Amino acid sequence: MTTSIEVSDLFVSYFGKPAVSGVRFSIRSGELVGIIGPNGAGKSTVLKAILHLIPFDKGEVKIFGKKVKHMRKKMAYVPQRSEIDWDFPIHVLDTVLIGTYPELGLFRRPGKKEKDWAMECLKQVGMEKFYKHQIGELSGGQQQRVFIARALAQRAEIFLLDEPFVGIDMTSEEMIIQLLKRLRDEGKTIVVVHHDLSKANDYFDELILLNKELIHMGSTETVLQPSIMLKAYERELTFLKEIGVEA
Amino acid sequence: MEFLDALLEYNFLQKALLTSIMVGIICGIVGSFIILRGMSLMGDAISHAVLPGVAISYMLGINFFFGAIFTGLLTAIGIGFISQNSRIKHDTSIGIMFTAAFALGIILITLLKSSTDLYHILFGNVLAVRTTDMWITLIVGVIVIGAIYFLYKELLLTSFDPTIAMAYGLPKNLIHYILMTLLTMATVASLQTVGIVLVVAMLITPAATAYLITDRLSTMITLSAIIGACSSIIGLYFSFIYNLASGAAIVVVATAIFLLAFFLSPKHGLLWRSFRSKANSISIKKEM
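Line by line, the protein sequences give chains Z and U. For what it's worth, full-length UniProt numbering labels the leading residue of the first sequence as 1, then goes sequentially. For what it's worth, full-length UniProt numbering labels the leading residue of the second sequence as 1, then goes sequentially.
Isolated chain Z (complex conformation):
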């Protein structure tokens, strides 16, 4: 299996405060990887740094051995839902069509071929009936499925998702995780920022445990060990002990 994402010696800071320090890891294609860690551990920051959406102080990201700027078409990103203007005058189908923009390049408009493909992507998330709805009319789970369809429409090799399961219904969550597993089986690379530890075991093959630094990376079983988890969640645990919870 080929290495699809390689992050080396990554340092990111916000206004002089370090957010991520010296993180390094590599991910192979055909893997479904979760990034976990406590609040403020820099999970989303690492994802944004992989996409070069934020400047970083030091470090390097390689996608299939190449620089990110040459590989953007291959990388599909699903940002947190809170970053979207839900009143924007745009339909579901037009939202999914955005996924075809990188392939179209400058000036060219999506035609029938792209529209058919976008409908096909909507079918894969069970949202084809809603193609004419304005995106604000949908429920949280439906909205997330539309954004997954947009990522599918991009025909990417790498899928980066930031907290995709926050504020959505169980049906949508189940559908999305099945779809991600299917993409993994097709040899795609899937990276998901995730904070619900209870599901981590069922969802991911590998886990990256972060707390500003890389605490551990490995198969889900090796990461979900008390001794390792304790290193990342120490502060939370100290607090629990202080208020009298027995570990």
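It should be emphasised that the hints constitute simulated quantities derived from the structure, not laboratory data. Quick caveat: nothing in here was measured; it's all calculated off a predicted structure. Warning: the hint list may mix true and false statements.
Stated by the list, open to error - Distance windows between CB atoms, simulated:
id	chain 1	residue 1	chain 2	residue 2	range
1	Z	Gly111	U	Thr132	49 to 59 Å
2	Z	Ser198	U	Thr99	52 to 62 Å
3	Z	Lys69	U	Thr99	38 to 48 Å
To be verified - The calculated DSS-like cross-link candidates involving lysine-lysine, where the alpha carbons are at most 27 Å apart (straight line), are:
id	chain 1	residue 1	chain 2	residue 2
4	Z	Lys129	U	Lys153
5	U	Lys153	Z	Lys73
6	Z	Lys67	Z	Lys212
7	Z	Lys112	U	Lys153
8	Z	Lys231	Z	Lys199
9	Z	Lys129	U	Lys267
10	Z	Lys212	Z	Lys62
11	Z	Lys231	Z	Lys241
12	Z	Lys132	U	Lys267
13	Z	Lys188	Z	Lys115
14	Z	Lys123	Z	Lys199
15	U	Lys267	Z	Lys66
16	Z	Lys115	U	Lys153
17	Z	Lys73	U	Lys172
18	Z	Lys123	Z	Lys113
Just so it is clear, CB atoms sit at the ideal spot from N, CA and C, and this is done for glycine as well.
Use these hints to put chain U onto chain Z, whose structure you have.
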């Protein structure tokens, strides 16, 4: 009928009508993106910032179009520079820069020319549109429509989802400044029709009206252009019949159309919204 007869008879009125219609269309199109990006204040700022450019153009004896574009863009860049390189917030930076440019413009114009010219630039004098001005407006219209047609995808994405636009590697700043250039051009084209002070209304009122009527960007842009053009025609009519300032008449008409949409729009109008929420609460009560 009086208006129609006059229109057939007087060349200046034909020019005035054609120019105002073009201005309605141009501002309607550019304004759609301005309101979706939350840049209404920026629209107001740039329109005021063209004033020193107009004055400098008089000084150099060139068409006011070039000077206006220059100071308009310079102000846009200045606004961005101050808010990015200090703790000053964006809206404050806009306030500082455009009032500065405007004040400078007033001083330059009073030094150069009589105060009647200043009055015309500030409030418009559509009946004095010269043939060259009409052509400039037409050319600006072609450039604006062309640019928006070719960059439609990019403008849609950077307005709707800037994060994804960055992830796709789109040059966000370049697109911002292209839009600022179009905004400046739209403002300059509107100088004689509605004047500097009221340009912002032509940019945002028709666009906001369209935004209340449709849920699709392409339809919104078309509607906004149509509403802008209609406001111009009706406004010019009233201006001619009752001898009113043309800019003010056009803006009042645009506002009246906005109010109609605000109350009566089937999708987002106040009336239907309150009907729907009433129907909703009745059906919930029935279920209980």
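Each hint tested on the structure:
1. The hinted range of 49 to 59 Å is not satisfied by glycine 111 of chain Z and threonine 132 of chain U, whose Cβ atoms lie roughly 41 Å apart.
2. At about 56 Å, the beta-carbon gap between serine 198 of chain Z and threonine 99 of chain U stays in the expected band of 52 to 62 Å.
3. For the pair lysine 69 of chain Z and threonine 99 of chain U, the beta carbons lie near 40 Å from each other, so the given range of 38 to 48 Å is met.
4. Distance restraint check for lysine 129 of chain Z and lysine 153 of chain U: the Cα-Cα separation of roughly 24 Å lies within the 27 Å cut-off, and the hinted pair is therefore satisfied.
5. At roughly 16 Å between alpha-carbon atoms, lysine 153 of chain U and lysine 73 of chain Z fall within 27 Å of each other, so this suggested pair holds.
6. This hinted pair checks out: lysine 67 of chain Z and lysine 212 of chain Z have alpha carbons roughly 24 Å apart, not beyond 27 Å.
7. For the proposed pair lysine 112 of chain Z and lysine 153 of chain U, the alpha carbon gap of about 16 Å is at most 27 Å, so the pair holds.
8. Between the alpha carbons of lysine 231 of chain Z and lysine 199 of chain Z the distance comes to roughly 20 Å, so the proposed pair stays at or under 27 Å and holds.
9. This hinted pair checks out: lysine 129 of chain Z and lysine 267 of chain U have alpha carbons roughly 20 Å apart, not beyond 27 Å.
10. Restraint check for lysine 212 of chain Z and lysine 62 of chain Z: the C-alpha separation of about 21 Å stays at or below 27 Å, so the hint holds.
11. Note on lysine 231 of chain Z and lysine 241 of chain Z: the hinted pairing holds, with a Cα-Cα distance of about 15 Å set against a maximum of 27 Å.
12. For a cut-off of 27 Å, the pair hint linking lysine 132 of chain Z to lysine 267 of chain U stands: about 14 Å separates their Cα positions.
13. Distance check on the hinted pair: lysine 188 of chain Z and lysine 115 of chain Z sit about 23 Å apart at the alpha-carbon level, within 27 Å; holds.
14. The hinted pair formed by lysine 123 of chain Z and lysine 199 of chain Z meets the criterion: a straight-line CA distance of about 26 Å does not exceed 27 Å.
15. Pair hint lysine 267 of chain U plus lysine 66 of chain Z does not hold up; C-alpha atoms about 48 Å apart against a cutoff of 27 Å.
16. Taking the CA atoms of lysine 115 of chain Z and lysine 153 of chain U, the gap is near 14 Å; set against the 27 Å cutoff, the hint holds.
17. Taking the CA atoms of lysine 73 of chain Z and lysine 172 of chain U, the gap is about 17 Å. The hint holds against a cut of 27 Å.
18. For the proposed pair lysine 123 of chain Z and lysine 113 of chain Z, the alpha carbon gap of about 16 Å is at most 27 Å, so the pair holds.
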